[in-house]
Structure formats: C-alpha cells, structure tokens
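J.: Protein chains in written order, with the working numbering: chain A, 24 to 330; chain B, 24 to 330.
Calculated from the structure, these hints are not laboratory results. Virtual Cβ for every residue (Gly too), placed ideally from N, Cα, C. It is possible that part of the hints are untrue.
[As the list claims (entries may be wrong)] Calculated from the model, a selection of chain A residues having no Cβ within reach of chain B, i.e. all distances over 10 Å:
(1) Ala56
(2) Ala85
(3) Asn120
(4) Arg155
(5) Gly182
(6) Asp196
(7) Gln197
(8) His209
(9) Cys212
(10) His237
(11) Leu249
(12) Gln261
(13) Asp281
(14) Gly289
(15) Pro292
[As the list claims (entries may be wrong)] If you only want the chain B side, here are some residues facing chain A, beta carbon under 8 Å, derived:
(16) Ala30
(17) Arg184
(18) Pro186
(19) Leu257
(20) Pro260
(21) Gln274
(22) Gln277
(23) Val285
(24) Tyr286
(25) Gly289
So the chains spell out like this:
There are 2 protein chains.
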Amino acid sequence: MHSPSKANVIAALEAGGTKFNCALLDTDLNLIAQAAFETTTPAHTLAAVRDFFYQSVATNNAELIAMGIASFGPVDLIPGSPTYGFITNTPKPDWSNTDICGYFARELSVPITFETDVNGAAWGEKVAGAARDLSDFIYVTVGTGIGAGIVVNNQLVRGIRHPEVGHMLMPRDQILDDYAGCCPFHLGCLEGLASGKSIESRWGVSGKFLRANHPAWLVEAQYLALMCANLTQLLAPQKIILGGGVMEQPQLMQMIRDYFLVYMNGYGPAAVLEQTADYIVKTGLNGMAGILGIAELALAQLAQERF
Amino acid sequence: MHSPSKANVIAALEAGGTKFNCALLDTDLNLIAQAAFETTTPAHTLAAVRDFFYQSVATNNAELIAMGIASFGPVDLIPGSPTYGFITNTPKPDWSNTDICGYFARELSVPITFETDVNGAAWGEKVAGAARDLSDFIYVTVGTGIGAGIVVNNQLVRGIRHPEVGHMLMPRDQILDDYAGCCPFHLGCLEGLASGKSIESRWGVSGKFLRANHPAWLVEAQYLALMCANLTQLLAPQKIILGGGVMEQPQLMQMIRDYFLVYMNGYGPAAVLEQTADYIVKTGLNGMAGILGIAELALAQLAQERF
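Can you make the complete structure from the sequences, with help from the hints?
T.: Here's what the structure looks like:
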C-alpha cells in the first residue's frame with residue numbers, strides 16, 4: 024500500500040553478459056543508490072540484485088513503484104508470448120530460458136518494463152545524451168558482440184523480435200580480406216567481421232593489445248562505415264551513436280566517418296554528408312545510458328497504465 | 024465554400040516515372056473515376072492530371088476536400104524545408120526540382136498530402152492488401168529501380184529523407200558473380216545488382232526475354248533473398264511484401280524464400296523461419312496499392328488537421 028510519506032523510487036537494471044548494473048532512482052531520474060554484480064548464474068546474480076533493491080529501498084525509506092530491466096539477449100519482448108520477459112536461447116551458459124521479468128515481478132511486486140540492453144541504452148541517449156530531442160536515431164554498441172537500438176518516429180523499433188543489426192550480412196572484398204568471420208550462424212555478418220570477438224579471432228590477440236596504427240583498425244573502420252552507410256540508406260536517421268568497448272579506440276571514429284563518405288559516394292541527405300562529425304558520434308553518457316533509459320521507460324509505462 | 028448537397032471526394036495521384044495514375048475516390052475509398060497519363064514533361068503531364076480532376080469532380084457534382092500525391096523520387100518530405108513537396112535531383116529529364124505539391128495546391132486549392140511512391144503503396148497494403156492489421160512490415164518494389172516503404176509501429180518511416188533500400192551495399196561472391204553493378208553512385212548496391220535495369224545491363228537483354236530457368240533468376244533471387252535477410256535482422260517485420268515488374272516472374276518468389284532460409288541459417292524469429300510463404304509475399308493489390316494508400320493518408324491528415 025502506498026505511503027504518502029515515502030518518496031517514490033524506480034529500480035533500474037542493466038543486465039549485461041559480464042555484469043548486472045543496478046540503480047535506484049527518484050522520479051526525476053536522480054540517482055539514489057547504485058551497485059554492480061558479476062554475471063554468474065541466474066540464481067546467484069538475480070538474488071544479489073533483489074537484495075540490493077530490498078536494502079536500498081529500505082535504507083532510503085522509499086516506496087518502490089516500478090522496475091525497468093534492459094537485458095542482454097536474445098530476449099522475448101512480445102507481450103502475450105509464453106516466454107515474454109525471458110532471456111531465451113542465449114549461448115551464455117546457465118542463462119538460456121531465464122524468466123528474468125517473472126523473477127523480479129514476484130520478488131519485488133512492482134510492474135516491470137522490459138527491453139533489450141541496447142534499446143535501454145538508445146532510450147537513455149534520447150532522455151539525457153547524444154539523441155536529446157531527436158525522433159529518429161540509432162545507437163550501436165560495438166563490444167564482444169554488436170547490437171543496436173533503433174528509434175523511429177520517437178518510438179523504439181521492436182517488430183516481432185527486436186533489431187539484430189549485428190547479423191546484417193556484409194559487403195566485403197574477399198581478396199583484400201580473406202578472414203571468414205566468426206559468427207556461428209553466418210560467419211561473415213557484421214558481428215562475425217567487426218565485433219571485439221572477431222578482432223581477437225582475426226588477429227590472434229584482443230584489440231586492446233593492437234597498436235593504434237595496426238591494420239586491424241582500417242578493417243574495423245571499413246566494416247563499421249559500411250554499417251553506417253546501410254543504416255543511413257535504410258532509415259535516414261538524424262544521428263548514429265556508437266558505443267561499446269571497441270569504440271574506446273580513439274583513432275576509430277574519424278576513420279569510420281571518412282570511409283562512410285567513400286561508401287555513400289555523394290548519395291545521401293546533404294545534412295549527413297556535410298556534417299559527418301555531427302552525424303556519427305560517440306555515446307554521450309558513459310555507462311549510464313542503459314540505466315537512465317530503462318528507468319525512464321518504466322516511468323512512462325507506469326504513467327500510461329495509470330492513465 | 025462547402026455545399027452540403029455535394030459528396031466529398033479525394034484526389035489520389037500516383038506519380039510514376041512512366042505514367043501518372045489518377046483516381047477520384049469517395050471518403051470510404053470507393054473509386055469514382057480513374058485515368059492515367061504518360062510521364063512526359065511536368066508542364067504537360069501535370070496539366071493533364073489537373074484537367075482530369077477538374078472534369079471528374081464537376082461531372083460527379085462532387086466537392087474535392089483533399090489530394091494525396093505518392094511520387095517517384097527522390098522527393099523532399101521534410102515539412103518546413105524550402106523544397107518540401109518537390110521532386111528533387113532526379114535523373115529523369117525535365118523533372119528535377121519540380122514543385123509537384125505546390126502546383127496542385129495552387130490549381131486545386133485543397134490540402135495536399137505528399138509521400139514517396141513506395142510509401143503510398145506500402146500504406147495501401149496496410150489499408151486493403153497484404154499488410155492489413157500489421158504494425159510492422161516492408162513493401163519493396165523491384166522494377167527499373169528498387170525502392171521500399173517501411174512501416175514501424177504503425178507509422179511510415181521517413182527519417183530525414185525517406186528509406187532508400189535500393190542503395191543498401193550488398194554481400195556478394197566476387198568469384199561467382201563478377202558483374203560490377205550499374206548504380207551510378209555505388210555500382211554494386213542492391214539496385215546496381217538486382218534492379219530490372221541491372222538485369223538488362225548484366226545479361227544484355229530485358230528480363231522479359233529471359234527464359235524461366237535462365238541463371239539470371241538464380242542471381243536475382245539470391246540478391247533479393249539477401250535483402251530480405253538483412254531487412255529481417257534489422258527490423259524484424261511481420262511481413263515483407265514484394266511487388267514491381269521483376270516480381271512478375273512467377274518462378275522468383277519461391278527461390279527467394281529458399282535462399283532466404285539459407286542466408287538466415289536458423290538465426291531469426293521462429294514465426295519467420297517456419298512460415299516463409301506467409302512472410303515473404305506478393306503484393307495483394309495489383310496496381311491499386313499506391314492510389315488507395317495515398318488517398319487514405321490524405322483523409323487521415325485532413326481528419327488530424329480538423330481535430
């Protein structure tokens with residue numbers, strides 16, 4: 024039962040393949056408490072998250088009114104589906120068919136808003152980052168894998184699953200680049216050719232250990248530029264925002280923009296071709312995009328349900 | 024001034040590169056009169072269209088309340104842009120920088136709704152064709168060129184221009200297929216490799232004259248299947264609808280579905296992989312999609328403005 028003396032708070036969870044970031048926020052999205060837990064087994068990690076929220080809500084004498092979960096995938100986002108709210112057939116050991124939404128709905132007894140990790144981060148860029156005031160943009164994370172959250176007409180794209188931009192099949196020059204790719208499904212899709220995992224598989228060492236002028240970054244920039252060109256032709260977004268571990272290489276961004284112009288070859292909106300530095304940009308919210316985005320989505324869903 | 028004794032009617036124009044299809048419809052989208060005019064010069068063709076609408080409105084003692092125009096492109100769809108409502112830098116002789124919306128706004132004195140030809144056709148499929156009751160789908164026309172209308176969350180995708188799916192850069196096997204492609208901007212983009220124009224350029228003869236088991240159709244089906252695979256990974260639509268002159272080859276559809284499954288290689292929504300015959304389909308509205316779609320959009324805009 025709602026106690027008017029207590030402040031309303033939102034639980035936000037960014038469920039990643041290596042760690043679960045948790046935050047308690049007030050209804051203006053100010054941070055009240057924060058914690059991170061290693062992604063081990065569902066039983067262990069989910070209980071640690073639950074305990075954090077129990078304790079932080081109690082410590083702050085607050086009233087939990089909603090939870091938002093932005094999860095690594097694949098996830099089932101289709102309302103009414105028997106596995107809605109599940110992490111489905113992930114290759115991550117122990118996590119296939121985990122009913123993550125059901126767990127927190129039971130344990131915390133609040134309405135849950137559920138999204139992919141990249142949808143959460145994309146929405147965070149809109150709420151407080153590089154996509155503020157934009158109606159059409161794409162957020163891409165280039166890390167171990169490659170994923171994207173797409174916003175069209177001010178709404179997240181879900182379709183009958185959710186975007187899987189990492190599995191776009193890619194143009195390539197098989198003479199210049201004879202690496203087969205590392206995707207277990209498609210070999211040379213975007214993720215198979217340009218993810219952090221593919222860099223390690225292609226060059227025998229993690230990208231972290233490759234010097235800034237190593238040819239690896241030329242190859243990487245070319246594939247990410249091809250991705251940007253195709254996203255531009257298909258959806259004509261106002262901005263493409265790049266994040267993730269691979270993008271921490273400072274030399275990459277300008278190379279991507281340069282190759283992008285080569286691949287567009289003059290065919291595109293003038294605003295894009297003349298202003299690539301404003302069009303292909305870095306994430307504006309180091310590490311906080313997912314938390315802020317999913318918290319705002321949880322608040323919005325609550326408002327809609329009460330309406 | 025509105026005369027209550029007259030029935031309200033809508034003018035719908037599908038402005039194509041070879042002909043302009045015109046229709047007068049009542050507010051339930053029933054057809055009242057129809058005509059087509061060859062696409063010659065703007066002065067000649069636009070006047071013929073205007074005269075048809077003058078006469079058909081008068082003959083039917085009707086009151087014209089709105090007009091919808093679905094035009095070949097590139098067009099400027101951005102409200103507030105100085106060239107909003109123009110056909111912009113088209114390679115079609117005489118038609119660059121044609122203010123098609125301005126012309127009819129002046130001549131017919133009604134509010135104009137403006138879209139790309141493929142957006143109009145996509146919306147028509149939603150109103151009365153293969154996409155009825157769908158919120159997320161893609162309509163692709165494969166003719167002289169390749170274009171697509173994309174609907175996400177029940178809304179047409181425009182972004183800062185409009186989708187240019189024909190300019191997606193394509194995966195290809197340069198050993199099996201050493202044709203360079205015919206796009207003046209990108210050579211081997213989708214349109215450069217799989218449009219009707221590229222079939223003619225690649226094989227030296229129009230597709231109409233190639234036998235049903237000619238290798239041309241294997242190549243064609245492969246590229247269209249790659250397109251379907253990438254559209255599926257990016258947007259997870261409920262359906263992909265294919266139309267246009269090239270799709271009149273009856274042998275193509277099943278080959279596209281077969282290759283599609285090869286390229287997806289098991290990674291996709293089960294509903295798609297198990298039901299490709301319901302997922303990749305032909306247009307449901309032979310030739311009428313654009314007219315119905317743009318008429319409905321014009322009506323919807325009118326309703327919104329009056330509200």
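J.: Does each hint fit the structure? Answer for all of them.
T.: Results for each hint:
For alanine 56(A), the non-interface assignment is confirmed: its Cβ lies about 34 Å from the closest Cβ of chain B, beyond the 10 Å cut-off. With a least beta-carbon separation of about 34 Å from chain B, alanine 85(A) lies farther than 10 Å from that chain, consistent with its non-interface assignment. The claim that asparagine 120(A) is not at the interface with chain B holds, since no C-beta of that chain comes within 10 Å of its own (minimum 14 Å). The non-interface label for arginine 155(A) is consistent with chain B: the shortest C-beta to C-beta separation is roughly 16 Å, beyond 10 Å.
Interface exclusion of glycine 182(A) from chain B breaks down, the closest Cβ pair being 3 Å apart, not more than 10 Å. With a cut of 10 Å on Cβ distances, aspartate 196(A) falls inside the contact zone with chain B, its closest approach being about 8 Å. Non-interface call for glutamine 197(A) relative to chain B: violated, since the shortest CB-CB distance, roughly 6 Å, does not exceed 10 Å. Annotated as non-interface, histidine 209(A) brings its C-beta within 10 Å of a C-beta of chain B; the closest such distance is 6 Å.
Some Cβ of chain B comes within 10 Å of the Cβ of cysteine 212(A); the nearest lies about 8 Å off, and the non-interface call is violated. For histidine 237(A), the shortest C-beta to C-beta distance to chain B comes to about 25 Å, beyond the 10 Å cut-off, and the non-interface label holds. The non-interface label for leucine 249(A) is inconsistent with chain B: the shortest C-beta to C-beta separation is roughly 6 Å, within 10 Å. With 10 Å as the threshold on Cβ separation, the claim that glutamine 261(A) sits away from chain B is violated: the shortest Cβ distance comes to roughly 6 Å.
Separation of aspartate 281(A) from chain B is adequate, the least Cβ-Cβ distance of about 16 Å exceeding the 10 Å criterion. Consistency note on glycine 289(A): stated as away from chain B, yet its beta-carbon is not over 10 Å from all of that chain's, at 6 Å minimum. Some Cβ of chain B comes within 10 Å of the Cβ of proline 292(A); the nearest lies about 5 Å off, and the non-interface call is violated. A least Cβ separation of about 34 Å between alanine 30(B) and chain A goes past the 8 Å threshold, and the interface hint is therefore violated.
The interface hint given for arginine 184(B) holds, since its Cβ lies 4 Å from the closest Cβ of chain A, which is under the 8 Å cut-off. This hint holds: proline 186(B) has a C-beta 6 Å from the nearest C-beta of chain A, less than the 8 Å allowed. Residue-level restraint check for leucine 257(B) holds (minimum Cβ-Cβ distance to chain A is 6 Å; threshold 8 Å). Nearest Cβ of chain A to the Cβ of proline 260(B): about 5 Å, under the 8 Å cut. The hint holds.
Because the smallest distance between the Cβ of glutamine 274(B) and any Cβ of chain A comes to about 23 Å, over 8 Å, the interface hint for this residue is violated. The beta carbon of glutamine 277(B) is not positioned within 8 Å of any beta carbon in chain A (closest approach about 21 Å), and the interface hint is therefore violated. Look at valine 285(B): its Cβ only gets to about 10 Å from chain A, farther than 8 Å, so that hint breaks. Annotation: interface hint on tyrosine 286(B) holds; nearest CB of chain A at approximately 6 Å, less than 8 Å.
The restraint placing glycine 289(B) at the interface with chain A holds, with a minimum CB-CB distance near 6 Å, inside the 8 Å limit.
Of the numbered hints given earlier, the model fails hints 5, 6, 7, 8, 9, 11, 12, 14, 15, 16, 21, 22, 23; all others are met.
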